[in-house]
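Following the hints, position chain V against chain P.
Chains as they are written, first to last, in my numbering: chain P, 1 to 375; chain V, 376 to 716.
Read the hints as simulated data drawn from the structure, not as lab findings. Since the structure is predicted, the reported quantities are computational estimates derived from the model, not experimental observations. From the three backbone atoms N, C-alpha and C, an ideal C-beta is built for every residue, glycine too. Watch out, some of these pointers could steer you wrong.
Some, not all, of what chain V presents toward chain P, calculated at C-beta under 10 Å [claimed, not checked]:
{"hint": "1", "residue": "Arg-427"}
{"hint": "2", "residue": "Gly-527"}
{"hint": "3", "residue": "Leu-555"}
{"hint": "4", "residue": "Arg-560"}
{"hint": "5", "residue": "Ala-586"}
{"hint": "6", "residue": "Arg-589"}
{"hint": "7", "residue": "His-590"}
{"hint": "8", "residue": "Gln-646"}
{"hint": "9", "residue": "Met-675"}
{"hint": "10", "residue": "Leu-685"}
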Amino acid sequence: MTGRDLGAAADDVVLRADDVCVEYAGRRPTRAVRGVTIELRRGEVLGIAGESGCGKTTLAYALTRMLKPPAELTGGSVTFFPRDGGGVDIMTLSADDLRELRWNKIAMVFQSAMNALNPVSSLARQFDDIFAAHRPEMSRAQRRDRSRDLLDMVGIDPGRIHGFAHELSGGMRQRVMIAMALALEPEIVIMDEPTTALDVVVQREILDEIERLRAQLGFSVIFITHDLSLLLEVSDRLAVMYAGEVVEYSPSEQIAVYPAHPYTLGLLRSFPDMRGARRELRGVPGVPPDLRNDFPGCPFQPRCDYGFGPCLDVHPGLSHIAAPVAAQGDGQVRDEDRYAACHLHDPRYRPDGPPAELSGAAADPIAADSAGSER
Amino acid sequence: MSVLEVRNLTVEFGQRGAAKFRAVDTLSFALNEGQTLALVGESGSGKSTVVRAVGQLVKRKSGEILLNGEPAGRHGSALRSYRHKVQMVFQDPFASLNPMHTVRHHVVRPLLLRPGHPRGAALDEAVHDLLRSVNLTPPEEIAAKHPHELSGGQRQRVAIARALATGPDVLLADEPVSMLDVSIRLEILNLLDRLKRDRNLALLYVTHDLATARHFSSEIMVMYQGEIVERGPSDQVILNPSHPYTQILANAAPNPAATRASLEAARAERQSARAARTAEHRETVSAGGCRFRSRCPFAMDICARHPSDLPVADDHLARCWLYGDSPGEGIAAGHATGAGP
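Pulled out of the complex, with its shape left as it was, chain P reads as follows:
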């Protein structure tokens, strides 16, 4: 199953990826993204979480067709639904149309702001480059004014416009990157680990800034990071990736309290609660699989505490799962909101349903880790 049944494309969808597959060529190709289907709704923050090497950055590059050899898109489609109607198949766009789309409609904030800014040109020249390429009709004075406004918008003194990247702190550089991404008022901003190199205080400022700008300008965000605790806070919905696949895809508030996939549960148990009771923590023991291999069963099975018969030889697809037991009947959570790729939720294999900590029946599944021990 490919997960195509994520419901009919609702009116408010702005980007839809269908069964996207990416391979890195080699003697044994690395299948980095394996049939990912996700939807970004207008005005929402979609979080993508996962460990290094799970394919999250590769997926982001695939969405805007920025992959370079040896990476190659081997299947699937990505459709963009602009605000003014219609649907654009990004995979079949000509080079010129693609250029028109990028930055204008879909902008990207890259991982390390240190390296993404040009060290030898002033900020003014880098802003000019954007406008010269995408808004050739703008006059010099207009470009200058717009650049200053953008800096001001992200909380940097517009007087810095003639400055260089090395004169700015890490947080300020990241703000400049965000200002640049928003220069042409895109409908979608893809942020790849935008705060990972920053310390907590600066990270908090940047997140607040993103949230404020989103409320003001109404763009949608795909937010990629390995920091699940952060994503639970900033994103509306969350896709957890493992070994190139989405293994859980649900509203963030649901995942925070009622994780459905054992991997998500493991991740949630990986960070200590700053203010709660002290408890034994153990992370997710083991290492992610080699993506050059094929997995007949579940790719998470070797690290999973809950593995049983079918996990070894039947590949679990992403499917609807029931609302958390504790929330059933209150009408707040619909079944179609939650997806997981796990046989524990498949009534054919588990007629009694998943264990309490994954079904939403346990009161505090994240704390209820009795097996906590160091490996």
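The following block gives chain V in isolation, referenced to the frame of chain P:
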């Protein structure tokens, strides 16, 4: 008892065309055997410089380091025997291991520095024992590998095994897990915790992550611009942060347990507080007086004078005038109750 005592440590760096930059300013602390002390703070606060100065990788301008009551050797064989007892684990396991050498090489070299070290099969067994003690199994296979064949977590385990090879009393861990995946971090921290107990090590854990600092240490020191602004038992410091800077740090950490509504409220509050200060203001560094003054929401006139360590509770000190006797007493009382989680 304290294994390592640091008194009035000061480190300065030269700057071209400017006065010397004081990265660490008269800092004192002690590490006790079998205990973890956490040092937290934002980037650039001087945490790593403290570690490097204590490991004697950078020269200190002034201050004393006492190892088991004796002044630390600064040159030659005295320095070497100090380093045998005070070992470091660095942040980046991708950079701290030599890509040209096998795991065995990394672990065997420090072993060979010990006088009367084992030879032949006994040496191999010592390497394997070290690898086993950091849960790298099977040790025979791991020892033959090069760093590129290992995952980040495994590399950090090699770095820890290497640090243990000289039989240290003190381990200085500088952000040992911040380069690792979230799912791997806990394994490394649990490992350090176990080694600390098994070998009765004194551990200095440098981090910017308050949650793990609280979880893995008995005491926390909070560093800001080269000085310790708050120190105390870890639960005290995290659950009842007293210095305004610690409060900002604690509030900035992601809180997955928060509800949408409480997040909105917290964000609105932060934004209104921030709007009061301009972007430029945020960058200014105050000369003299409290170093946190320009960012502090509670700044008062007295803050132009440099504060001293003032008691908040037993063993819990904050370098902040809010906890002084006269000028800010009322504020401190009202503030401390309002700041609870």
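Cross-check of the supplied hints:
{"no.": "1", "hint": "Arg-427", "in the structure": "19 Å, violated"}
{"no.": "2", "hint": "Gly-527", "in the structure": "8 Å, holds"}
{"no.": "3", "hint": "Leu-555", "in the structure": "9 Å, holds"}
{"no.": "4", "hint": "Arg-560", "in the structure": "6 Å, holds"}
{"no.": "5", "hint": "Ala-586", "in the structure": "4 Å, holds"}
{"no.": "6", "hint": "Arg-589", "in the structure": "6 Å, holds"}
{"no.": "7", "hint": "His-590", "in the structure": "4 Å, holds"}
{"no.": "8", "hint": "Gln-646", "in the structure": "6 Å, holds"}
{"no.": "9", "hint": "Met-675", "in the structure": "22 Å, violated"}
{"no.": "10", "hint": "Leu-685", "in the structure": "23 Å, violated"}
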